Amino acid sequence: MNFEAFRIEVRRIIDEDRIIESQGELMLYSYDASPAEQAIPRMVIQPLSTSEVSEILKLANEYLVPIVPSSGRTSLHGGPIPYNGAVVVDLMRMNKVLKVNLEDGYVHSEVGVRLDELNAELARYGHFFPPDPASSTAATVGGSLANGAGGMRGAKYGTVKDWVLGAEVVLPTGEVAFMGCRTLKCRAGYDLLSLIIGSEGTLGVITNAYLKIWPLPEAVVRLRVYFRSIVDAAKAVGVIKARGFRPLIIEFLDKGTMEAVSNYVREFKYPEGAEAMLIIDVDGPPEAMDRYVNSMVTLLREAGGFEIEWTSDRDEMDKIYMARRAAYPALLRLFSNERVMPEDISVPPSKLPEAVKGVRDIGEKYGLRIVTWGHVGDGNLHPNIIYNPGDQSSISRLHAVTREIGLLAINLGGTVSSEHGIGVLKKDLLVNELEVKGIAQLRLMKAIKKAFDPNNILNPGKVIDVD
Amino acid sequence: MLINNEAKLITNEYALTRCARCNFCESVCPTYMVFRRRVYSPRGRIWIIMFLSQGIKLSNDEYTGLLTCLGCRACDLVCPAGIKIAEAIHDAKALLVKAALK
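Chains as they are written, first to last, in my numbering: chain G, 321 to 787; chain F, 5 to 106.
Here chain G stands alone, though its shape is the one from the complex (with noise of 0.2 Å):
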């Protein structure tokens, strides 16, 4: 690597507002969300452009400088830590939405529009971008694509690669390249556009994409339920979507949660006995909407559910909503002293009772607290662990327990990340996961990256590691 010719170089065509050497600052790009171990990188640069991001990549191609590209910064595994002092490309200055187009049917944006803030836009149409991930409210599209990001209504909209029609990519040898179509349709030979939804900053980096947009909802109507097992809550789901319902969020909470809620809110009270509950969103034409609600009611009641309530009031939707939305703060709060890992999993939903059962055991073997909700809708679990980042044991019983949890995916036929990603944290986990599907995936993964980018510049260590 040969930093200072590139440092050099850089400095004639980027302005110097935009780059990054002072130490307190460059510290701020050392972390994500994170466990993963910190680092700090030589330089952050924030272009403005394709153009300017092609001439980064160029250099860095030429200096073997590593290049980290990065927006909202929300990632939970690692990925955009910048390791062996790479130099990280802040793409939050690209930061406009360019065009909606109806009648097309998509959203043209650059990668640093926080997903909140473009859904607010297309909210003015009618319309939205459906992948929702919890942290909608900081993370960018730019994020979002890379991680393959996912989301309460993935069980009904899917994750976002579905939601993806073409990218302007910059691959590492700073070629600039426009992967998928603006079409619907497209079969134009090898799915490259794919390979980088999700590549996590490995292959290219995406500075704008068109995005497929959808009509917002008609009408909405939210239930909540209780179980008095989770079992018999994971087993709802199934039937749910066995009679043919497709629910625009099902949104799983253990007692563990509705116990942490219900200390930090004190409004939130659930009865006794339950421990387990669904919110689930049904949505449709308001004309249907009584009798989808009451065959759902029906369902649930008939798989064990108690308490049941159903309300289309905005307010009273958002009070069911709270003991989900105040669940995170909730652990924040009464574990101070503590970090919440949030793990992501998903299983077939038909395994979810095993799965759910699986992580409690888990937990009690090592004698370390989790906490699980999930989108289930889609058989995504997130078993949010508590560790003491300041005991030892208490960290390496964390990573043993992230382990088991990701082997218990496997085991049910699952996946050991549905919509956080790799990054650093669960390099070993996939390669157990590609173990049993096929080994020979791990060889070809390495060749594509080889072919996309030689010379290892862009975050490499990320995803999977090349010889």
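No lab work stands behind these hints, which were simulated from the structure alone.
The model shown is predicted, which means the values in this text are computed figures rather than measured ones.
Check the hints yourself; a few may be wrong.
Unchecked claim - Listing some non-contacts, in silico: residues in chain G with all C-beta distances to chain F over 12 Å:
1. R327
2. A771
3. V786
As the list claims (entries may be wrong) - Per the computed footprint, the stretches of chain F lying under chain G, defined by three or more beta-carbons under 8 Å from a beta-carbon of chain G, are:
4. 17 to 25
5. 42 to 51
6. 59 to 65
7. 81 to 87
What the hints assert, rightly or not - Sample of chain F residues facing chain G (criterion: CB under 10 Å; computed from the structure):
8. E30
9. S31
10. L56
11. L105
Every residue, glycine too, gets a C-beta built ideally from N, C-alpha and C.
Assemble the complex: chain G is given as a structure, and chain F must be docked to it using the hints.
Frame of chain G; chain F shown alone:
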């Protein structure tokens, strides 16, 4: 008292190490929206207070970052850890001004 010791007191009083690094505060901060530099964001500012407490020397940008907080408290409303970010920054500002006047 040394400036880093006083910064330590602020760090402890407001339990800044509880920051979960979620970055929700950055998205509502008016100065970050304008400057697009993380020293002008709430998360950036409280981390700078923590750096100050570790004895790291601040650059002009980092000083300016702390001093330009508008005190609007938009960040306090969205912090899931419940940190009183704006008050901590206010105390740090007072500390910097006091040190400059000495």
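Each hint tested on the structure:
no. : hint     : in the structure
1   : R327     : holds (17 Å)
2   : A771     : holds (33 Å)
3   : V786     : holds (28 Å)
4   : 17 to 25 : holds (count 4)
5   : 42 to 51 : holds (count 5)
6   : 59 to 65 : holds (count 5)
7   : 81 to 87 : holds (count 4)
8   : E30      : holds (6 Å)
9   : S31      : holds (5 Å)
10  : L56      : holds (8 Å)
11  : L105     : violated (22 Å)
Violated hint: 11 only; the structure is consistent with all others.
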